[in-house]
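One line per chain: the protein sequences are A and B, in this order. Each residue of the first sequence is one higher than the last, beginning at 1 in this note's numbering. Each residue of the second sequence is one higher than the last, beginning at 1001 in this note's numbering.
I should point out that these hints are in silico values taken from the structure, not numbers from a laboratory. Any given hint could turn out to be false.
Here are the in silico distance ranges between beta carbons for each label pair [claimed, not checked]:
#1 A:68 / B:1028: 16 to 24 angstroms
#2 B:1017 / A:38: 23 to 31 angstroms
#3 A:90 / B:1277: 19 to 27 angstroms
#4 A:39 / B:1211: 15 to 23 angstroms
#5 B:1028 / A:86: 49 to 57 angstroms
#6 B:1098 / A:5: 55 to 63 angstroms
#7 B:1024 / A:42: 25 to 33 angstroms
#8 A:39 / B:1024: 53 to 61 angstroms
#9 A:91 / B:1277: 19 to 27 angstroms
#10 B:1278 / A:10: 26 to 34 angstroms
Facing chain A, from chain B, some residues (calculated, C-beta under 10 angstroms) [stated by the list, open to error]:
#11 1010
#12 1029
#13 1032
#14 1033
#15 1058
#16 1284
Covered stretches of chain A (in silico footprint by chain B; criterion: 3 or more residues with CB under 8 angstroms from a CB of chain B, positions within the stretch not fixed) [what the hints assert, rightly or not]:
#17 6-19
#18 51-65
#19 68-82
Keep in mind it's a predicted model, so treat the numbers as computed, not measured. For each residue, glycine too, the CB sits at the ideal point set by N, CA and C.
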Amino acid sequence: MNLDWMGWTWQTATFFAAIAATLLVMTVLAALRPETARPGMLGITTTRGDRLFLSLLSAAFIHLAWLGLVGDDLRPASAIAVLWAAILFRWA
Amino acid sequence: MQRPRNDRAWFLVLPVVGIVAFSALIPLMTVVNYSVQDTFGNNQFFWNGIGWYKELLDPTTDLGGRFFDALWRNLLFSFLALVIEVPLGIAVALAMPRSGWKVSATLVLMAMPLLIPWNVVGTIWQVFARPDIGMFGAAVNRLGVPYNYTQDPLSAWVTIVLMDVWHWTSLVALLAYAGLRSIPDAYYQAARIDGAKGFSIFRNIQLPKMKRVLLIAVLLRFMDSFMIYTEPFVVTGGGPGNSTTFISIDLVKTALGQFDLGKAAALSIVYNLIILAICWVFYTVMTRADARENG
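Extracted from the complex, chain A is given alone in its bound form (with noise of 0.2 angstroms):
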């Protein structure tokens, strides 16, 4: 199959497949140990699967606002990402 319309490059590559890697682990994780949804600090129940998509969103809009706000170094951006969806998974 040629793919070379698709305009592939690695680091693009390594994004989806991190993503799908976590969706697989999500899947197996909700087939293995049911989730349970419950009431967290944004006044929503949320389910796992709730947490990694708010998560995940709002990393992009951490990013995109890092990059139009402060700067072209996008490490602590990211950093701030980790930690917020840390907090999100706790105590979402």
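Model the placement of chain B on the given structure of chain A, informed by the hints.
Leaving out everything else, chain B in the frame of chain A:
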């Protein structure tokens, strides 16, 4: 605390995931790939990293300036559409007949604009609003109000907002009407016994009972108006100047007009993220309202 659910039935939707992969996920991945590269065609790509995103988020650059201008236009347009269409739709629903043959007649009439394809709506209004031969445009000009949607930004905005109101108020009205019809007669009888009249019936019975359908109406109208493309493209082509260039129009210009696939891809991703975030907020608000109502 709720009981853990067995979610294994979700495996049954795997075939759909396969289909969606081809129709949406693979194209989306391609867009992400394009957004970090530059290309001059011929499937030759050059790495650009976060370059396009940086340009897009910087209002002083050409791309960034256009993006932020178009974003404010989009938000203003959606705001106007909601502010006009939702109250108007409710008013129309309240005025619709409750029984007899008139119900069917009104429903058919109301559904008509919804059945017309977007580009046809655009063409209708393009002719209807023309200052020389269009019934609306010529009439307004004859009344002494200067109106020309090809030259005056305000006229162009009035035309596009009016067109959207004409096209989509019926949707809000039909949804609100469905909500009104679901109110049992007993509620009205109780209100009459209590001596409630006009506005307090509306405020205390009809509006709360319509809340759920109205949330759906707001969600649908917001998403549709935020993604608007065809009608302004047909009527004004984004002009005069850039005054009605919405993000979608700018996106098509960038991607297909200038063939700047990298810039267009970065713009698409950010546009998509904004829509995703707003959708999530609406969805959460709606499901919360549902949950509160049911238990």
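Can the hint on residue 1029 of chain B be confirmed by a CB-to-CB distance to chain A that is less than 10 angstroms? holds (6 angstroms)
Let's test the interface hint: is any C-beta of chain A closer than 10 angstroms to that of residue 1033 of chain B? holds (4 angstroms)
Kindly confirm whether 49 to 57 angstroms is satisfied by the beta carbon distance between residue 1028 of chain B and residue 86 of chain A. violated (27 angstroms)
Within 26 to 34 angstroms: is that where the Cβ-Cβ distance between residue 1278 of chain B and residue 10 of chain A falls? holds (33 angstroms)
For the pair residue 39 of chain A and residue 1024 of chain B, does the Cβ-Cβ distance stay inside 53 to 61 angstroms? violated (32 angstroms)
With a cut-off of 10 angstroms on the beta carbons, see whether residue 1010 of chain B makes it to chain A. Holds, because the Cβ-Cβ distance from residue 1010 of chain B to chain A comes to roughly 8 angstroms (cut-off 10 angstroms).
Taking the CB of residue 91 of chain A and the CB of residue 1277 of chain B, does the distance hold inside 19 to 27 angstroms? Cβ of residue 91 of chain A to Cβ of residue 1277 of chain B: about 20 angstroms, so the range 19 to 27 angstroms holds.
Verify this for me: three or more residues of the segment 68-82 of chain A with a beta carbon less than 8 angstroms from a beta carbon of chain B. Answer holds; 3 residues pass the 8 angstroms Cβ test.
Report holds or violated for the interface hint on residue 1284 of chain B, using the least CB-CB distance to chain A and a cut-off of 10 angstroms. Holds. Min distance 6 angstroms.
Hold the hint about residue 1032 of chain B up to the distance rule: shortest CB distance to chain A must be less than 10 angstroms. With a minimum Cβ separation of about 6 angstroms from chain A (threshold 10 angstroms), the hint on residue 1032 of chain B holds.
19 to 27 angstroms as the expected CB spacing between residue 1277 of chain B and residue 90 of chain A, which holds or is violated: holds (22 angstroms)
Pairwise beta carbon distance, residue 1024 of chain B to residue 42 of chain A, judged against the given window 25 to 33 angstroms: holds (28 angstroms)
When held up to the earlier numbered hints, the structure conflicts with 5, 8 and fits the remainder.
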